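Given the coordinates of chain A, assemble chains B and C onto it according to the supplied hints.
Residue numbers (the working numbering), protein chains in the order written: chain A, 1 to 324; chain B, 1 to 321; chain C, 1 to 288.
Derived by calculation from the structure, the hints in this document are not laboratory data.
These figures come from a predicted structure and were not determined experimentally.
Cβ atoms here follow ideal geometry from the backbone N, Cα and C, with glycine treated the same way.
Some clues are possibly wrong.
[Stated by the list, open to error] Okay, derived cross-link-like pairs now, DSS-like style, lysine-lysine, Cα gap no bigger than 27 Å in a straight line: (1) C:242 x B:95; (2) A:8 x A:33; (3) B:231 x A:90; (4) A:123 x B:232; (5) A:17 x C:13; (6) A:33 x A:90; (7) B:232 x A:90; (8) A:33 x A:243; (9) A:123 x B:236; (10) A:173 x B:232; (11) A:8 x A:90; (12) A:173 x A:8; (13) A:173 x A:123; (14) A:33 x A:173; (15) B:236 x A:90; (16) A:123 x B:95; (17) A:123 x A:90; (18) B:2 x C:113; (19) A:173 x A:90; (20) C:113 x C:193.
[Said to hold, decoys possible] Footprint (simulated), chain C over chain B, 3 or more residues, beta carbon under 8 Å: (21) 18-29; (22) 132-143; (23) 150-163; (24) 270-283; (25) 297-306.
[Unchecked claim] Sample of chain B residues lacking proximity to chain A, with all beta carbon distances greater than 10 Å (derived): (26) 10; (27) 11; (28) 89; (29) 95; (30) 105; (31) 112; (32) 123; (33) 189.
Chain residues, written in single-letter form:
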Amino acid sequence: METVLQVKNLSVTYRNKNRSVQAVRDVSFELQKGDSLGIVGESGSGKSTLAMAILQLLPDRAAEVSGQCRFCGRELLGLEPRLLQELRWKELAVVFQKAMNALSPVHRISTQIEDIYREHEPKASRQEIRERAMELFQMVGLPERVYRLYPHEMSGGMLQRVSIAISLLHSPKLLIFDEATTALDVVTQGQILEEVLRLESVMHMSRIMITHDMSVVAAACSRTAVMYAGHMMEIGDTVQVLKRPMHPYTQGLLRSFPTLRGQRRELESIPGTLPDLSVQQPGCVFAPRCSCGDGRCHAQQPPAVRMEDGRTVACWQYGGGGHE
Amino acid sequence: MKRYVIRRIFSAILTVFIVLTLNFIIIKAAPGDPIKSLMGKDTNDPALRAALEEKWGLNEPAYVQYGSYLINALRGDLGTSIIYNSSVNSMIGAKAGPTVLLGLTAALAALVVGTALGIFCAQHEGGIIDGLLSAISYALDAMPSFWLGLMLMIVFATHLGLFPTSGMTDPRSSYTGFAHILDILRHMALPALTLALVSVPGYFRIAKSSVVQVSNEEFITTFRAVGMSEKKIFSKYVFRNAILPTITTFGITMAFLITGVTLIEIVFAWPGMGRLTMTAINQRDYPTLMGIYLVVAIGVSVVMIVVDVVYALFDPRIRYE
Amino acid sequence: MDRRKHAGLARVKEAFLYDWQFRAGVAGVVILLALVVAAPLLASHDPYEFGVDNLAPPGTAGHLLGTNHMGQDAYSMILYGIRTSLQVALISSLISGVLGVLIGGAAGYFGGKTDLVISELINAFLMVPTFFLIMLIVALFGNSITNVMIVIGITNWPGNAKLMRAQALSLRERTFVRGAVAMGETRLQILFKYILPNGIFPVVANTTRGMAGAILTEASLSFLGLGDPNIISWGQMIYAGKNYITTGWWVSAFAGAATILTVIIFYLLGDGLNHVLNPKYAFESRGK
Numbered sequence: 001m002e003t004v005l006q007v008k009n010l011s012v013t014y015r016n017k018n019r020s021v022q023a024v025r026d027v028s029f030e031l032q033k034g035d036s037l038g039i040v041g042e043s044g045s046g047k048s049t050l051a052m053a054i055l056q057l058l059p060d061r062a063a064e065v066s067g068q069c070r071f072c073g074r075e076l077l078g079l080e081p082r083l084l085q086e087l088r089w090k091e092l093a094v095v096f097q098k099a100m101n102a103l104s105p106v107h108r109i110s111t112q113i114e115d116i117y118r119e120h121e122p123k124a125s126r127q128e129i130r131e132r133a134m135e136l137f138q139m140v141g142l143p144e145r146v147y148r149l150y151p152h153e154m155s156g157g158m159l160q161r162v163s164i165a166i167s168l169l170h171s172p173k174l175l176i177f178d179e180a181t182t183a184l185d186v187v188t189q190g191q192i193l194e195e196v197l198r199l200e201s202v203m204h205m206s207r208i209m210i211t212h213d214m215s216v217v218a219a220a221c222s223r224t225a226v227m228y229a230g231h232m233m234e235i236g237d238t239v240q241v242l243k244r245p246m247h248p249y250t251q252g253l254l255r256s257f258p259t260l261r262g263q264r265r266e267l268e269s270i271p272g273t274l275p276d277l278s279v280q281q282p283g284c285v286f287a288p289r290c291s292c293g294d295g296r297c298h299a300q301q302p303p304a305v306r307m308e309d310g311r312t313v314a315c316w317q318y319g320g321g322g323h324e
Numbered sequence: 001m002k003r004y005v006i007r008r009i010f011s012a013i014l015t016v017f018i019v020l021t022l023n024f025i026i027i028k029a030a031p032g033d034p035i036k037s038l039m040g041k042d043t044n045d046p047a048l049r050a051a052l053e054e055k056w057g058l059n060e061p062a063y064v065q066y067g068s069y070l071i072n073a074l075r076g077d078l079g080t081s082i083i084y085n086s087s088v089n090s091m092i093g094a095k096a097g098p099t100v101l102l103g104l105t106a107a108l109a110a111l112v113v114g115t116a117l118g119i120f121c122a123q124h125e126g127g128i129i130d131g132l133l134s135a136i137s138y139a140l141d142a143m144p145s146f147w148l149g150l151m152l153m154i155v156f157a158t159h160l161g162l163f164p165t166s167g168m169t170d171p172r173s174s175y176t177g178f179a180h181i182l183d184i185l186r187h188m189a190l191p192a193l194t195l196a197l198v199s200v201p202g203y204f205r206i207a208k209s210s211v212v213q214v215s216n217e218e219f220i221t222t223f224r225a226v227g228m229s230e231k232k233i234f235s236k237y238v239f240r241n242a243i244l245p246t247i248t249t250f251g252i253t254m255a256f257l258i259t260g261v262t263l264i265e266i267v268f269a270w271p272g273m274g275r276l277t278m279t280a281i282n283q284r285d286y287p288t289l290m291g292i293y294l295v296v297a298i299g300v301s302v303v304m305i306v307v308d309v310v311y312a313l314f315d316p317r318i319r320y321e
Numbered sequence: 001m002d003r004r005k006h007a008g009l010a011r012v013k014e015a016f017l018y019d020w021q022f023r024a025g026v027a028g029v030v031i032l033l034a035l036v037v038a039a040p041l042l043a044s045h046d047p048y049e050f051g052v053d054n055l056a057p058p059g060t061a062g063h064l065l066g067t068n069h070m071g072q073d074a075y076s077m078i079l080y081g082i083r084t085s086l087q088v089a090l091i092s093s094l095i096s097g098v099l100g101v102l103i104g105g106a107a108g109y110f111g112g113k114t115d116l117v118i119s120e121l122i123n124a125f126l127m128v129p130t131f132f133l134i135m136l137i138v139a140l141f142g143n144s145i146t147n148v149m150i151v152i153g154i155t156n157w158p159g160n161a162k163l164m165r166a167q168a169l170s171l172r173e174r175t176f177v178r179g180a181v182a183m184g185e186t187r188l189q190i191l192f193k194y195i196l197p198n199g200i201f202p203v204v205a206n207t208t209r210g211m212a213g214a215i216l217t218e219a220s221l222s223f224l225g226l227g228d229p230n231i232i233s234w235g236q237m238i239y240a241g242k243n244y245i246t247t248g249w250w251v252s253a254f255a256g257a258a259t260i261l262t263v264i265i266f267y268l269l270g271d272g273l274n275h276v277l278n279p280k281y282a283f284e285s286r287g288k
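Here chain A stands alone, though its shape is the one from the complex (with noise of 0.2 Å):
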């Protein structure tokens, strides 16, 4: 099986002139090909700030990434950034949340589209881009006729589509997908993540789906990590993680789903809030908001450690010694 996204101890530190905020801590994960990750987390989890650390679209200023990140075998740290802009799109795609401007409000779909694909086919005719385009369109059920309008001329749906469409252009080994589904209705989310992964089976694509919605997770992966305060909570195979959590967060965070079928029970969230980043906790950063943390909890950070079941967790519970 070939290993398309390999990362280890991946960490970020945001500074400026005051503090710095660790927004992504000591992450470890990978990615064969096929697989479909989804990173599920809080908003705050760092789980975007890991995906455009692996984009390599963090601003050098103001974050600081360390560890490794190995794409198709290849460092992407501090990779030369012409070497980088040739993986660019190519190889390496994201989809963005559909906001109002997800592309340029002033220019057509079909300016952009020939300017995206000329950066890195830049003798391509207009023709060729547009016939490409519209294989695309067709794939993800857009008409034809979209090619020629204005961003603002059409539905929130026919844009995501448009930006999955525009991520294909090259055919990318690893598309990443940030929130992209957030922002629609579930109907129109749906009838999305069907095409996504009817597409996927045809282009033998990799996927990472960042949301903070498990629902997406549950429909469209085959592998969940849940992401906590920047650190890596658990990892393992989609249904055996939602349906044996075994980290006290995940647990908490299904708990704090109602079901739609079954015995009517009391919502629970969890208590407390998220820590304050720019500190750093001793211990497990879930702790202090863990109902069944101890001591050793709070005085040293547990390590990952793999299950039988193939899943890795990060919990004094599961290895490591087991609980006090």
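This is chains B and C only, laid out in the frame that chain A set:
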């Protein structure tokens, strides 16, 4: 697009109409005899009085008078100046040229310089130059234009002798051709500089905030993820998006600019409408003042229509409403 | 939940501690007010008194900032001029504020034809330079300082009206307003009890900018000879000093400097107020 332009023109016509109405109401509401106001406080010529009464129909009910005033104005007849006894039209017409020259030059200079500096500071936000320019901009915004003109005049004209202190041309010589143009430019330097300086803060602020805002938009991040060069991202995508508020600002600052031109012309004795306004005020030449107000209103409205149309050319979202 | 307290006292205190513009603006206004009160004590001469030294440069014979062509002491004139400026700023802003809030609020809340007419009126006014209108009216009706204040006030309401109207439009849809409608309160009651008090905040910040503008307008009017010659005002000083600019630059220069400083104080106060009243604005020292 057509509907948009038509709506704009309609708005402008409405504005002019409101101005005319205001003129009328003010004259009627003013203390004293309106005819006296129109005649001049010191004259008492019965023939003139009779002629004016007839023209303005003062013996008729108010709405008829209003009607006559409107019709006269639409015909282009803005009345006769009390002092000079020539039609207000011709007086304004003669003086409009120098005012437009000065005003437009200063406006364009402020637009270009203010916007360029704003863009620069947006790209180097937080730096020393940003801090300095922002502070200077703040101070310029607080300055009465005529005061700045006076100060510049003292420094550059009186003490350093680099520029003339007044007028548009050197009255003692008669240059022609290129030398003539140069002479005008020399005379225009200080007034244009003053006016441009007080207009720069508006453009600076709007350009800076606009560039910062657009630079943080999602599509910019997308283009970076595509590998597009910062240069291209800026020159094609940031610029086109960020320039929109600047275009709007140009229209909005027109009103302030006209006020500024008037005051600056007085400081530097520039032979334009500003001077005309000054003398008209001194001598309470109401027909001229009303005429100036009307012409200024029309001028600004026309400029705003043009600005709005240009804006629509740049922003497709507006075009298709 | 009705957000009657947009800016609780806690936020105001926070603003004072962390927002330098608010601090500077408030401090500046306090200093100005103090100077107004203390003017008779601080002035070195009676500003109306015509002295013997005409056009004395700064520093001569006890005249800190020199004298003008009539022998009046510039320093004392500037001190007494603060009162005029503040008066003009306050009264004209009050008038334009009240008018703007009432008209804009009514337009936004009542909607329909009223709104249509008033909106077009507002747009027309905002397009045309009001200064010419002010000039015309003052020329016709007389150039006393009272007139000037009133005229500035009644020509500046459209800006405030536009803001208030936008507020009214959005407040109209709020639950607590709809609730009041359902409970049978009359339109006027709702306007005065809910719409105006809740929507007034951005207008307050805008009014501060209006005050700065009023001071500049008064100065411009005086410069054109439309000021009140009986009152000490900075604008008048610049106007009077214009004719002596080459021999006695200090009169115009210092009067202008005083104007600039005062206007900046009001700008800072306006900026600070905007920060206070905008619930989304986070003060710098607050971490996230």
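Open item on the list: Run the distance test for residue 33 of chain A versus residue 243 of chain A: straight-line Cα separation, threshold 27 Å.
Closed with: holds, 25 Å
Open item on the list: Confirm or reject: residue 105 of chain B is not an interface residue toward chain A, with every Cβ-Cβ distance exceeding 10 Å.
Closed with: holds, 29 Å
Task: Pair hint outcome, residue 123 of chain A versus residue 232 of chain B [Cα-Cα no greater than 27 Å] - done: holds, 17 Å
TODO: Quick one: work out the minimum CB distance from residue 10 of chain B to chain A and report holds if it exceeds 10 Å, violated otherwise.
DONE: holds, 25 Å
Task: residue 189 of chain B non-interfacial with respect to chain A [C-beta, more than 10 Å] - done: Given that every Cβ of chain A is farther than 10 Å from that of residue 189 of chain B, nearest at about 37 Å, it holds.
TODO: Sort out whether residue 90 of chain A lies within 27 Å of residue 232 of chain B, counting only the CA atoms.
DONE: holds, 19 Å
Open item on the list: Against the 27 Å threshold, does the CA-CA distance of residue 173 of chain A and residue 8 of chain A hold or violate the hint?
Closed with: holds, 20 Å
Open item on the list: Using Cβ atoms and 10 Å as the threshold, tell me whether residue 11 of chain B really stays out of contact range of chain A.
Closed with: holds, 23 Å
Open item on the list: What's the verdict on residue 33 of chain A and residue 90 of chain A, does the C-alpha distance respect the 27 Å limit or exceed it?
Closed with: It holds: about 16 Å lies between the C-alpha atoms, which stays within 27 Å.
Open item on the list: Does residue 90 of chain A sit within 27 Å of residue 123 of chain A, going by the straight-line distance between their CA atoms?
Closed with: The hint holds at about 16 Å.
Open item on the list: Tell me if the straight-line CA distance from residue 123 of chain A to residue 236 of chain B falls inside 27 Å.
Closed with: Holds - the C-alpha atoms of residue 236 of chain B and residue 123 of chain A are around 19 Å apart, at most 27 Å.
Task: Proximity test - 8 Å, beta-carbon atoms, the region 150-163 of chain B to chain C, at least three hits - done: Holds: 5 residues of the region 150-163 of chain B have a Cβ under 8 Å from chain C.
When held up to the earlier numbered hints, the structure conflicts with hint 16 and nothing else.
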